[in-house]
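K.L.:
Here the protein sequences come in this chain order: A, B and C.
1 is the number of the first residue of the first sequence in our numbering; add one for each residue after it.
1001 is the number of the first residue of the second sequence in our numbering; add one for each residue after it.
2001 is the number of the first residue of the third sequence in our numbering; add one for each residue after it.
Honestly, the hints are just simulated from the structure, not real lab data.
Incorrect hints may have been included.
[As the list claims (entries may be wrong)] Result set (BS3-like, lysine-lysine): computed pairs, CA atoms no more than 30 angstroms apart in a straight line:
(1) Lys124/A with Lys1260/B
(2) Lys270/A with Lys2091/C
(3) Lys2045/C with Lys1280/B
In this text the structure is predicted, and so the values were computed from the model without any measurement.
So you can see what is in the structure, the chains are spelled out below.
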Amino acid sequence: MNRNLKFICLAPVVIYALILIFFPLIYILFISFQTSDNYGGIIYVFTIYNYIRIFDPVYLKVFFNSAIIGLFVTLACLLIAYPFSIFVSEKKPHIQKLLITLVLIPFLTNSLIRTYGWIVLLRKEGIFNTILESLSIIDNPLSFMYNNLGIFIGLTYTLLPFMILPIYNSVSKIDKKVIEAARDLGAKPLNIFFKVIVPSTYSGIFNGCIMTFIPAIGMFFIADLLGGGKTMLIGNLIKNQFLVSRNWPFGSALSIFLIIVTFLLVRLYKKLGGKLDDLGGF
Amino acid sequence: MKKIIVLLIFMILLSGCGQTKNEVNILNWSSYIPDEVIRDFEEEYNIKVNYNTYSSNEECLAKLQAAKSGTYDLIFPSDYLVELLIDKEMIQTLDKSKLTNLSNLNPNFLNLEYDPNNKYSLPFLAASVVIIYDSDFVDGEITSYNDLLNPQYKNNIVLLDDQRIIIGLALLALGYDMNDTNEEHLEEAKEWLLELKPNIKAFDSDSPKTFMITKETKIGVIWNAEAGLAMNELDNLKVVYPEEGFNISIDNFAMPVNAKNVDNAYKFIDYILRADVMQKIIEEYPYKNLNIKTQELLSDTYLNNIATNVPDDYFKEGIFVKNIDEAIINYDRVWASIK
Amino acid sequence: MKNKTLKNLFIVLVFIFLYLPIIALIAFSFNDSKLNIIFEGFTFKWYKILFTNTTLLDALKNTLIVAVTSTVISTIIGTLAAIGLYKYDFKGKNFINSLLYIPVVIPEIVLGISLLSIYTLMRLDLGLITLIISHIAFSIPYVIICVRTVISSMNWQIEEAAHDLGAGDFLTFRKIILPEIVPGIVSGATLAFTLSLDDVIISYFTTGPGSNTLPLQIYSMIKTGITPDVNALTTLIILVVMIILFTSTIVQMRKIKKGYQV
């Protein structure tokens, strides 16, 4: 009987993990060592050329640009989310619940349509420019989008909840008595913040950073829509290999490279004492 | 409770696959056939149209290859893709006896190099890539691609998001062949595009007219129909066929091998070839019309605009994109380095 | 006191940032003009037009089918898995455990492409079925994480007690374990459902003819020109989400408030 229950519980997940996670990734790994026929087909001849090609300066530049944009977005999210979480956690519990729900609502509506909302606001004849011009603050419309600024705003906006939730979770777990004790012992507010509050939220911070940074470099549609297709992020580059340049092996090699980068980040997170279960758990 | 859930899942799964419906699976360019035309077809023939779109020939090929053979019944590849698909044995020969409106097609666009005798494909519409500009914004005239390099046009140009066309345009500007694969020439093309880059506001193939209409950009290198639509909205737009040469393409009906709903696909082709149906398509997306009967029905606005009704002698001067085999890797490099 | 005002101001600013694009969209759903550029007059017509837009409604239907099916299946598999992985040991457990984190951490585009490539390899018909499988694939780990959090804080002695009193495995599972972990299951299912509703990237790669979803439809509409009936649809969706979330929040707020006053 017990064996039976064990089987029912575990068989589906094992099958799932092998067929839908393990096997696809192994297959991608396999393709990344094959040769492209330049027409979307694969010639089964072993090569490491696809990995060498990643280090072509042209493609390294794409990685570099993505990393820069990813870092700026992560930093911006952190600078907004951290004080926000602290201020919210100082409210009464039922108000906290309400405010966090208010954070979740936009997050639960379609992210594309919210991106479109930004287009309506930011474009040349958009709401921002119209208001600024009618108040005579500016004479000529400003370029808020179809450049890196647009990508930055769009990504920061879309990913902010991924930063707020883990940080809020860790901030709200801080024992208020420790802070009071520190204050009673005469510690200055700044010292309390950097010596007491920040260290006890390290894992929340890093969790939020991973959950912001990784999607930021992979989200091709925001770069397409708000960046005017001018800036290539890793996500766009990979998408192009599959849909434009018809080169699955190179696209696969890029994907594997991205997975390796991700794993290094997760390892770092674990080293800093973060728990894997907290990643993506809201 | 559990039973209900199981039942629900089964019902949804069954409604999703199982049934063989009277349908046709079409893979077409975005912004190419109006919704209304498709709805009318569904009603008239009682056939459900499953419609998917792509924004470049490469994407069309990728979607065709990724899906199981027989997934799509009708596709709309351009000239060079038709040639490639014939070569790769991915499309089937057409049985023209099933088409009653075949005689409507302009014979000048039949029997072309990419598919002699139209064994595998029939032309649907033709397009050209033109320059369009706001004459109030531009001092003097724009007549060539090299004119676009003028620093005064900073951040004011929209280009098609298509690596073959845009790199080809740079090659033309430098006096080379549009389909050149010489690496040094491609390097020069890259430099030319990098010089142009500060002037580029955006790359967009799906609806570049929007950039012109909302005045986000003042100059565009875009499809002729998109130019025509923008000109309908704004008065001060001028269209130019650049002196260095320009790209043309002919998009075709073609049926992938193993297509499941062949008869419905023929019905759809025949329906599109009808003079009144093609008229509706051209009115909404004013590409170059290839239907003789439709030509008589079109408005003067369409007929008198060289952006929409591309004159035949202009069209003859245009250049087709050609397949370039492994040189695509170098094109990809150039594309990644200018983005 | 001044300090507190500044803090509240900051909170308000963050909320303005979060809600600004949504408010813009809602406002333009009542705009008389077809272009989302200038507000020309108040109208409800886009809501009427919405219900005649079969492309959009078809996409909505597909989205709901995919979201409901994938949520139900991934919640069942995920819940069983969370219990199984907690209670039982088996060869390769660590391996399976680490595989389960992969969909959470790797970029969606990589998951989408790897799934597409095995569908191509296995010659599967791309369509609703492949979409559902893909959505199950990225949802299960989130369900497991949510359920596991509850399980690890659960009192397992009750289970033993039930056994001692003669209850069989399935009875214990249904009467003892399941009720305890319901909150975890609910949050896992909610998460799976919302992730599925919103997914663009994985769907983009794994969809086929006749299985357009709302996010994909909106993606192509944003590129080719959006009409205000999309705004109308969004407004309705936001309304539904708000009603559901607020009812559950108000119930919880009351509980918290009571506990707080005592």
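K.L.:
Work down the list of hints and note, for each, if the structure agrees.
P.N.:
Hints and how they fare:
1. Lys124/A with Lys1260/B: With a Cα-Cα distance of about 47 angstroms, the restraint between Lys124/A and Lys1260/B is violated, given a limit of 30 angstroms.
2. Lys270/A with Lys2091/C: holds (24 angstroms)
3. Lys2045/C with Lys1280/B: holds (25 angstroms)
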